[in-house]
Structures are given as C-alpha cells and as structure tokens.
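These protein sequence lines are chains A and B, in that order.
Per this note's numbering, the first sequence starts with residue 1, numbered consecutively.
Per this note's numbering, the second sequence starts with residue 1, numbered consecutively.
In short, the hints are calculated from the structure, not lab data.
Be aware that one or more of the hints could be misleading.
[Said to hold, decoys possible] With a straight-line Cα cutoff of 27 Å, these simulated DSSO-like cross-link-like pairs (lysine-lysine) come out:
hint, chain 1, residue 1, chain 2, residue 2
1, B, Lys45, B, Lys67
2, B, Lys45, A, Lys102
3, B, Lys67, A, Lys102
4, A, Lys63, B, Lys70
Since the model is a prediction, treat every value here as computed from it, not as a measurement.
Listed below, chain by chain, are the residues.
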Amino acid sequence: MNLMAEILIQVVIAFLAGSLLLGLHRKVMARVQKRPGPPIVQQLIHSLKFFFKETAFPKTVSKVFYIGIVFILALIWVVGVIVGPVAKDSLLILFGVYAVYKIVEHNSGSSSGSPYGKLSCVRAVLSAATELPLFASIVFVYLVTGTMNIGEIITYQSVHGPLIFSIPLAALMFFMLIITKSPYSPFAITKDKVLISGFETEHFGFLRGFMLFSEAIAWYVLLWVFLTIFFGPLNAVGYLVGMIVISFVTGFINATTPLLSPNHSVMTQITIGAICFAGTALMIFTGVVA
Amino acid sequence: MDFVTLGGNLLGTIQLGDIVLYLTPFSLFLFAVLLGFTVLIGLSKPETQVEATMHYLNNTEVKVGQKELKQRRFLAVICGIASAGAMITGDLFNFTLFMALVGILNIGIVSAVKQTSVLNSAFNYGLIAMMCSLPLFGGAAIILAATGTLSLAVLSQMPASPMVVFGAVMMLIGILGESGVAPFFASKAEMFRTAGSPYIVIIVIIHLSSLFIIVRAVEILLLVLW
C-alpha cells in the first residue's frame with residue numbers, strides 16, 4: 001500500500017479507536033461509581049464538536065506558542081503512529097515522542113498566562129518522573145531481545161514467546177505509564193480538578209478539538225506499543241481485545257483510587273519504578289530470564 | 001550496540017574534520033523538534049502572567065519589558081541551538097561541551113529574574129550544575145583514557161571494560177545534575193511557580209533541552225556500554 005495512504009488510514013483508525021476506548025473508559029468509571037455515565041461514543045462526538053465551536057483567545061496569551069503548541073501536540077502523536085503501527089521503527093523514537101509530549105503539556109499550560117495553566121505547568125515538570133520507569137522498561141526490553149526495533153521485537157516474541165512472561169516487572173513499569181496517561185488517573189496531577197482542566201483550561205474551540213484528537217491518538221499509540229512489545233505478535237482481534245481489556249482495567253483502577261498529591265504521586269511512581277527496576281535487573285543478571 | 005540498532009537506519013553522516021555528525025530517524029526527530037521550538041522562541045512574545053492580588057479583589061498582571069525579553073530570548077535561542085547540536089553529534093566530548101553550555105545558559109536565563117524565590121531556586125540549581133560538571137567531564141575523560149577514543153561510532157564497537165562502565169556512570173550523574181532532572185528537578189520546578197517568574201519563551205527551552213539531552217544520553221550510554 002502507498003505509504004501516505006497507510007499513514008492516513010492508521011491515523012484515522014488511531015483517532016476513532018482511541019476516542020471509543022476513552023469513551024469506554026469513562027463508561028466503566030461511571031458504572032463502578034453507580035452512575036449511568038455518557039454513551040461510549042460521547043468522547044468522539046465531543047472531540048468533533050470542538051472543531052466547529054467558536055475559538056476565543058485570552059488577551060494574556062503568548063499567541064505563537066498558544067496556537068502552535070496544539071499543532072505540535074497533534075503532530076507528535078501522528079509521528080507516534082508512523083513510528084509505531086506504520087513503520088514499526090525504534091522504541092527510542094517513541095521515548096522521544098513521549099518526552100516532547102511532556103514539554104507540550106508544560107507549555108500549553110504556561111503559554112496562556114492563566115494561574116491554573118501555570119500550576120499545571122509546574123506539575124508537568126514534576127510528573128516528568130514517569131520518564132525514568134519508561135526508560136528502564138525500554139532498556140530491559142532491549143537487554144532481553146537485543147534490539148530496539150519494534151518489528152524485530154515482534155519477531156523475537158514469535159520465537160521465544162511474549163515478553164510479559166519473561167520480564168513482567170518491566171511490563172508493570174510500562175503499565176504504570178499507561179495508568180498515568182489515562183483520564184482521572186491517581187497520577188494525573190496536571191489535570192487535577194483544583195486546576196480546572198489544568199493545561200487545557202484556556203484552550204477553546206478548534207484548539208481544544210486538536211487536543212482531544214491528540215489525546216485519543218496518544219491513548220491508542222500507548223496501548224498499541226504496550227501490547228506489541230509485551231504480548232508478542234497479535235492480530236487485529238488480539239489488539240482490539242487487549243485495548244478493551246486495558247481500558248476496562250484502567251477505568252476500574254481510576255474509579256476506585258483518589259488523586260494523589262503531586263509529591264505523593266512522584267514518590268509512588270519512583271518507588272514502584274525502583275522496585276520493578278531492581279526486580280527485573282535481578283531476574284536478568286541471575287539468569288532467570290534467558 | 002550500533003547506531004542502527006538504536007535509532008533506526010543511518011540516513012547519512014556529516015564529516016567536519018574529526019567531528020562526525022550522524023543522522024538516524026531518532027536523532028533527526030530530536031534535532032528537528034529542537035530547531036522547530038527554537039524558531040517558535042524567536043517569533044514569540046511572552047504571555048502576561050496573571051494571579052489574584054492578596055487581600056484585594058483585583059488581579060496582578062506581570063508584563064515583561066522589551067529589553068529584558070531580547071536578552072533572554074537570545075540566550076534561549078543559543079540554548080536551543082546547543083541542544084540541537086547535542087542531538088546529532090557523534091563525539092562524546094562534544095556532547096559534554098554542549099551539555100555544559102546548556103547548563104550555563106539555563107542558569108543565565110533564569111538569573112535575570114528579580115524575585116527572591118526564583119533566584120534561590122536558580123542558585124540551588126546552579127550549585128548542582130557546577131558540582132556535576134566534574135563527573136560529567138571526568139566521566140568522558142575516563143572513557144577516553146580507557147579506550148583511546150571519544151568517537152561514538154568507534155566506542156559502540158568496543159566491549160565495555162570496568163573503567164568504561166565507571167566513566168559512563170560518572171557521566172550519567174553529571175548529565176542528571178547539569179540538566180536538573182530527577183532527582184534534582186525540584187529546584188527547577190520551583191523557578192516557575194509564581195507570577196513574574198520566567199515566562200513561556202524561555203522556560204520552554206530550559207525543559208526541552210533537559211529532557212532531550214536525557215533522551216540522547218540514554219542512546220549514548222547504550223552505545224558505549226552494550
């Protein structure tokens with residue numbers, strides 16, 4: 001298939017699937033909390049609606065960054081789709097994509113001049129602590145498979161079996177990142193409701209539409225990468241079931257856990273990351289993992 | 001480990017005497033993002049920071065003067081270019097130089113703020129950065145002494161001796177401190193808490209340079225150690 005066509009198709013799939021999965025996530029949270037909750041398609045409708053809403057620009061904004069940052073946000077997750085599902089290229093590039101995402105989160109809050117965005121921006125600096133477990137997880141995948149290339153990692157797993165069985169603690173570290181990224185997560189300190197909508201507070205109209213578009217794609221890409229590097233070669237049905245299960249599990253976790261304070265959030269993530277890091281290193285260097 | 005295994009297919013190299021820059025999809029992505037943000041910094045004006053005035057009903061608005069903006073934007077652009085250089089360099093010593101330059105520029109960018117809390121944080125960060133320049137350069141020197149080269153392409157083909165591992169760990173400590181990321185990030189986060197603290201045009205490059213240098217450092221350490 002033509003490369004451009006494949007990229008376009010994969011981006012559309014990522015947006016539609018990501019939006020529906022986030023809708024499912026909201027539905028699960030609502031049902032756990034004994035609320036009817038919105039329809040599963042609500043997230044998708046919500047995202048599309050914003051593209052047709054009137055856009056307002058607060059007079060305090062740094063306009064170039066305020067507008068530019070949402071396009072960069074959308075662009076980096078499109079790069080995530082290209083590197084992941086389309087090209088199955090290096091995991092390190094996806095690590096870079098996640099690093100840019102943290103910067104975008106930080107800057108969209110700060111560029112508005114709003115104190116809510118500003119505090120969300122400060123918290124985004126603290127929440128960069130999730131980078132360390134993500135990095136450790138990727139390194140352990142490399143140590144076991146000998147490659148950073150996603151395509152080669154899939155090939156390795158088709159011969160040796162899924163990595164979830166050989167390095168489960170590394171998978172847990174990556175799963176912690178997924179929980180962090182999920183809406184209403186105990187670690188979602190940048191979108192704490194005391195900060196209204198955090199870094200998104202001052203973005204309206206089509207700018208918010210781009211943000212929701214990016215969130216849907218980000219959710220799809222993160223789930224795709226997790227399933228691909230830890231659950232071996234999967235077909236379309238495998239991916240679909242895996243993504244639904246993970247959205248269901250994270251929805252349940254988020255519905256039953258309170259939001260942590262910024263310091264506790266960072267401490268918890270670092271502690272879980274350190275335990276999983278030590279455990280996986282021990283398993284690899286004592287020969288438990290071949 | 002080689003460049004291709006880590007960053008994807010080698011797209012090309014640029015040889016400047018014994019300094020070799022190399023381009024893979026990974027390094028190109030980081031380089032392009034940094035240059036893109038640097039252009040945005042060059043074009044942007046700062047936001048107006050707003051916060052509630054204590055004991056009154058009105059808001060406090062903090063605006064930035066043109067002269068101060070020009071000076072600090074210049075430093076931010078240089079920082080962006082230095083960080084972009086660190087993304088594509090194929091030489092360990094060049095990387096440490098770029099890293100040290102980024103550290104100095106970060107301190108320079110925030111030290112012009114006339115707020116005690118911001119200056120305190122900048123001072124703490126400055127102390128950490130200065131102390132960490134020793135393990136940063138020391139680590140690179142140990143690797144040079146142990147292998148006889150600073151070229152990443154050559155180092156990636158060599159087995160890692162205990163001295164190389166020691167040098168790499170020293171470098172990692174130096175990079176963590178110079179870039180001010182975990183576990184040193186608290187002093188950086190404190191710099192931006194209040195209205196009147198550094199604004200978007202300059203804080204974007206402080207964080208972007210730190211995070212990207214850590215991402216690049218991961219690649220370099222994997223090249224040297226495995």
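Status of the hints after comparison with the structure:
1. B/Lys45 <-> B/Lys67: This hinted pair holds, its Cα atoms lying about 12 Å apart.
2. B/Lys45 <-> A/Lys102: holds (22 Å)
3. B/Lys67 <-> A/Lys102: violated (30 Å)
4. A/Lys63 <-> B/Lys70: OK: A/Lys63 and B/Lys70 at ~17 Å, within 27 Å.
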